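Position chain S against the provided structure of chain E, taking the given hints into account.
There are 2 protein chains.
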Amino acid sequence: MKRIILIIISCFVLQFSPAQYDGYSSNSWENQLEIEDLFLKHIDKTSFKKHLQKLTERPHVVGSKTNEDVIRYIGEVMNKAGLDVINYPYDVYLPKHPGSSLIEIVTPSRQVLNQKEDIISDDPFTKDSLLWKGWNAFSGSGDVTAEIVYANYGRKEDFETLKELGVDIKGKIVIARYGGNFRGYKAKFAEANGAAGLIIYTDPKDSGFARGLVYPEGPYYNESTIQRGSLLTTDFTGDPLTPFEPALPLDGKKKIKRLDPKEAQLHTIPVTPIGYGEAEKILGQMKGVVVPQSWQGGLPFTYRLEGGRSLTIRLKVDQKIDFVRATNVIGTLKGSEAPNEWIILGCHLDSWGFGATDPSSGTAMLLSLSQTLGKLKEDGFTPKRSILIGHWDAEEHGVIGSTEWVEQMRDQLNAKGVVYMNFDGAVSGKGFGASAAPTLKKLLVETSKNVQYPYTDQTLYEFWNKENMSEPPIGNLGGGSDHIAFYMHVGVPSMSGGAGGPNVYHSNYDSFRFYEKFVDPEFQMGSMVEHIAGLMALRMANGDIIPYNLNRYAADLKMHFGNAENKIREYDKEFEGFKLTGEAIKSLKNTSEKLTMKIKSYLEEGNYSKRELKRLNKQMIALEKSFISDQGMYFGSWYKSLYASSDPFSGYAAWILPGLEYEIALKSSNRLEEWDERYSAAVGSLNLKMNKLIAEIE
Amino acid sequence: MKRIILIIISCFVLQFSPAQYDGYSSNSWENQLEIEDLFLKHIDKTSFKKHLQKLTERPHVVGSKTNEDVIRYIGEVMNKAGLDVINYPYDVYLPKHPGSSLIEIVTPSRQVLNQKEDIISDDPFTKDSLLWKGWNAFSGSGDVTAEIVYANYGRKEDFETLKELGVDIKGKIVIARYGGNFRGYKAKFAEANGAAGLIIYTDPKDSGFARGLVYPEGPYYNESTIQRGSLLTTDFTGDPLTPFEPALPLDGKKKIKRLDPKEAQLHTIPVTPIGYGEAEKILGQMKGVVVPQSWQGGLPFTYRLEGGRSLTIRLKVDQKIDFVRATNVIGTLKGSEAPNEWIILGCHLDSWGFGATDPSSGTAMLLSLSQTLGKLKEDGFTPKRSILIGHWDAEEHGVIGSTEWVEQMRDQLNAKGVVYMNFDGAVSGKGFGASAAPTLKKLLVETSKNVQYPYTDQTLYEFWNKENMSEPPIGNLGGGSDHIAFYMHVGVPSMSGGAGGPNVYHSNYDSFRFYEKFVDPEFQMGSMVEHIAGLMALRMANGDIIPYNLNRYAADLKMHFGNAENKIREYDKEFEGFKLTGEAIKSLKNTSEKLTMKIKSYLEEGNYSKRELKRLNKQMIALEKSFISDQGMYFGSWYKSLYASSDPFSGYAAWILPGLEYEIALKSSNRLEEWDERYSAAVGSLNLKMNKLIAEIE
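In order, the protein sequence lines correspond to chains E and S. Converting from the first sequence to the numbering used here requires adding 1 to each position, the first position being numbered 1. Converting from the second sequence to the numbering used here requires adding 1 to each position, the first position being numbered 1.
Don't read these hints as lab results, they were simulated from the structure. Hints should not be assumed to be uniformly reliable.
Since the list gives no way to pick one copy over another, a pair counts as held whenever it fits inside one copy or between any two copies.
No more than 25 Å apart at the CA atoms, straight line, and that leaves these computed lysine to aspartate or glutamate pairs for DMTMM-like [as the list claims (entries may be wrong)]:
no.	residue 1	residue 2
1	Lys467	Asp573
2	Lys467	Glu158
3	Lys288	Asp123
4	Lys467	Glu165
5	Lys282	Asp207
6	Lys619	Glu699
7	Lys288	Asp207
8	Lys51	Asp38
On a predicted model such as this, the values are computed, not experimentally measured, just so you know.
Next comes chain E alone, as it looks inside the complex (with noise of 0.2 Å):
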């Protein structure tokens, strides 16, 4: 009886007074509290709907001229809110349109076949002369005849497969569907067991029919649907002629020395997508073996590995690659106390089409948030840090604006970098998801227990951890979006979040029709959504001390190795573990725990000058560069953090320790040790960083 009087007392008080969070002393908790009420009440709720509509009037590809209204829009809004805002302009090496591609049946009977998506009579977005054809940015050009195989998803263990079964796919043109990996290594893959080309289409068994009802009756893929997107596979991340440099404008004072366009990893066979629609004719006169039994799709017949000779497909593409101008837009609210550490907040602008949930719905959430913060900074509530909210271009063809300005700020992201908070199509249904660094799980978590989820009577707290665990879902970082340099190739700690939900994704038709009939037709997750990224950014920005969750690494980092343990020892049943690195999260978890302690009782004594303070956080933002190795990875030494990366043979999946992960994926044995040493000496400088922190504080 008396547990549950207990319990029924701190729900009362969780609910109406959060706990106090780390970093804050109780004054500062207390003006916080003040803050984020305020916060929450200058939310304008009918705001991300405008800019929403404003920002996806039309399609707005990176160097579209109406992509260049969309920047000019962003800044505007931003500057109107009392931003201070920056234009970083590049140049890319990219194509900025589809050029000219068919795709032909020859043989047995002529057939040319669609590549782009039906108009709907009652969606006049459909009709807009902006639209292109359905492609794949960094294909190659050519024009190839030949016979098709169909590779289920392109994945690396499907090229196995096929080889196991004795299908030479030389010469032959591959179709492969979508899902399963980024389809860059589809083309990949393909190119490097020698297809001449490649046709990539959405099967209705993942995307279409067979998960609902189709558009326009439905938000899933109908037959002409097509998934646009880039193919660019290079070892490392952004402008493929400029890694671990920023792609400066040509015309620049700065002269950044580039990669000759033939030295460039670029894939050389065509490729281009395709609807299930059209997909169907080929798959469906298909004549050899039939597919193991998971690569079965949904279309209504048996899925053949092998075309025959009697099915002769042309594929042609021819597309050109060049310098495009991209341009990231940055609004900077100045910190009152400590301008130098940054709350970074950050989508991309760029679109394949419309953009409607990706990546508007991101972009239109963020103007509303820096609106709320102008009103904010208006009413004297200005925060400590500087929150700078970041508008990237060029992502849609391989995460190359957010990239290049990282390497442009490489030594101030390095000195001043807080953290990175990523919303790229942040609202683009009613569900909830997200993704983050150790030390910013905790934060995600207790914010979402202070704001109130919209057609429901939870809050987004007790919404997103339906299955009533000891913490609600929370993924690890991978590829596919604009974290990525931030957090792997400079280490600053990141999340990734937002809402989601059944959407015709990279198509023609995400517009705000589409939006306005299927994601949210009330329009109340917008400032949801806005609400949670405020509150993270504004309790980032002003607590006494950073309020990252130490603890959370000695944690993580104990999990994470003992699951690369158990792998390794599928295969190789003498490994005896990484001892040195056992040991040293050991000492980690007593020299973190003694460290939050010390934060927590230096902050009640109040007894510290701003001074003080800022040397404090300036060790707190080393912390996670004890991750960052200068020699990388052997998968590329672009990716330097230990401790997260993208997937190297996917593309979107997340590595933990890649490190380890990627000797695991070799069955390898051979730098086990090497790694042990390496990845005890970053534990052990983050031990030490503590250790030192712990002393000053003394």
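For chain S alone, kept in the frame of chain E given last:
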């Protein structure tokens, strides 16, 4: 090193001279090995094919003229092989013909649907004039026109989901896909929920093109393939008018009291099956709310729960039920030493069409086996116990022939029934599977080590135990075939097994042509199954003491009670477990181990008379009867086994400890104490009988 040598030696020994088996003295075992060698030599590898071809010349539904030909052929073959053949006739209340039926889309646009398989030009079997349209025996008769509702698999939980989703099926026609339960339950639940009629179809995701190539290109259902089958769902098994009693001929001497057909538990709504090509014409026109994701099938559109007002369907069935003569044919090879101890093998003889896989592959195998046993007898190796080979009629309409025979022979089976082995369609593919009572699992495993698997250099054991577990996967006996009455009504330890694979189950395509093309073109599997069936029969027949594996009772009971307790605790946190039964199982473990040792040393000493063995074996036969409860189950008192039943909510699935499973299904705690008492009494009785045996042996 030493250990490795030991392993090598033991493998060697195993392979070349099977370890001595339970129930055999050393001498007997040596004899037995000679007999087993000779048995293998006598198998005529060509006879399976000949019998199969003969049996499947024409469709042979129970009561048909062609089925009488099959009955005669079976009797002749066994008679010629040297077995004593007896026919057991019954007059069973069942529909011997589909009658008339019609499925018609009425609105929006009139269309009569096809109800019969397409004729395949290069398969002459498909033109046979005796082939009927698709039908479900024991449908109600009626002519209804109504809107349509899709009910997934028509399981109990599917109808519950429809109710939760607010879909009213009252007065509507339900369309449900095959799979997930016994089809009769689809009709039972549809009728209970107020449906006016039921259409059952096979979805391509479950058995059609989504699984592999379709007939005639491959072994899966094409768009016109129709699963026939009975709908009988009485709360007992067998003839619907004579529960507990044999349906002896109406014109016979002994008069059996029959229920008035009006009292019989029969469906009243019309029910009929179709292929997915025709189902698509209905499902594709539905307009209502989208189905839950797991209800989506393989047809190329999003499935809906309701058809809406504009789609009306007419369903008409006029099916006459009458008394039909069914005849079991049983051949007996009379035992040389213990003719009153019966080893029974069986398979049904009636079919929905040609029945090449189901049942005739099992029939052909048993006919070949009877010839091989006949040759052994000619060589002077008559088995010690009698071997009975039963060919059951009217299985397809509801496991009727075998059940009536068991009811007729109840007293004799109680005294004489050592084991029942079911081989329904037992040579239907190139895979292998089996289910068995605890005392017979070891028999299956050990004999499989002495059988060569064709198309490989593996033994059946190696092939079957692919996963290299401590035991190959042996299932629990569920419903759906002729072991039911033996095992669940009178308590004869039973097993069921054979070779399986993809096939055109219960359709007009299940012909010799289909078998030759897709099941086993080289006709190697028939003699493989004959080999293991024969070895099992001979081992059970020739042991001095019946070779039950007595230790398995306690091990399996402990596991099953543990599982049941876990399931109960999910809804009843207070439940403290089946304490009385737990204690009883502990005692049983000790006793059975002791008895097993005693039998072994008793046989080693060799100091025993045939009369003594007969007395002991009589008690061995009585052991399993401890699980036979006169009161039976609450869901149907005909189900008398406390150990196993078919699931009364789905028909096919196995319920182990059905007394408990029923409480669990109802989430009830009311009768748990009662069941603890009943189960502990049963286990106690078994324990007592074993202790008595120990005492007698001493």
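Each hint, compared with the structure:
no.: 1; hint: Lys467 - Asp573; in the structure: between (39 Å within a copy, 23 Å between copies)
no.: 2; hint: Lys467 - Glu158; in the structure: between (34 Å within a copy, 23 Å between copies)
no.: 3; hint: Lys288 - Asp123; in the structure: between (40 Å within a copy, 20 Å between copies)
no.: 4; hint: Lys467 - Glu165; in the structure: between (43 Å within a copy, 20 Å between copies)
no.: 5; hint: Lys282 - Asp207; in the structure: both (18 Å within a copy, 24 Å between copies)
no.: 6; hint: Lys619 - Glu699; in the structure: within (17 Å within a copy, 88 Å between copies)
no.: 7; hint: Lys288 - Asp207; in the structure: both (23 Å within a copy, 22 Å between copies)
no.: 8; hint: Lys51 - Asp38; in the structure: within (24 Å within a copy, 87 Å between copies)
Of the numbered hints listed earlier, not one is contradicted by the structure.
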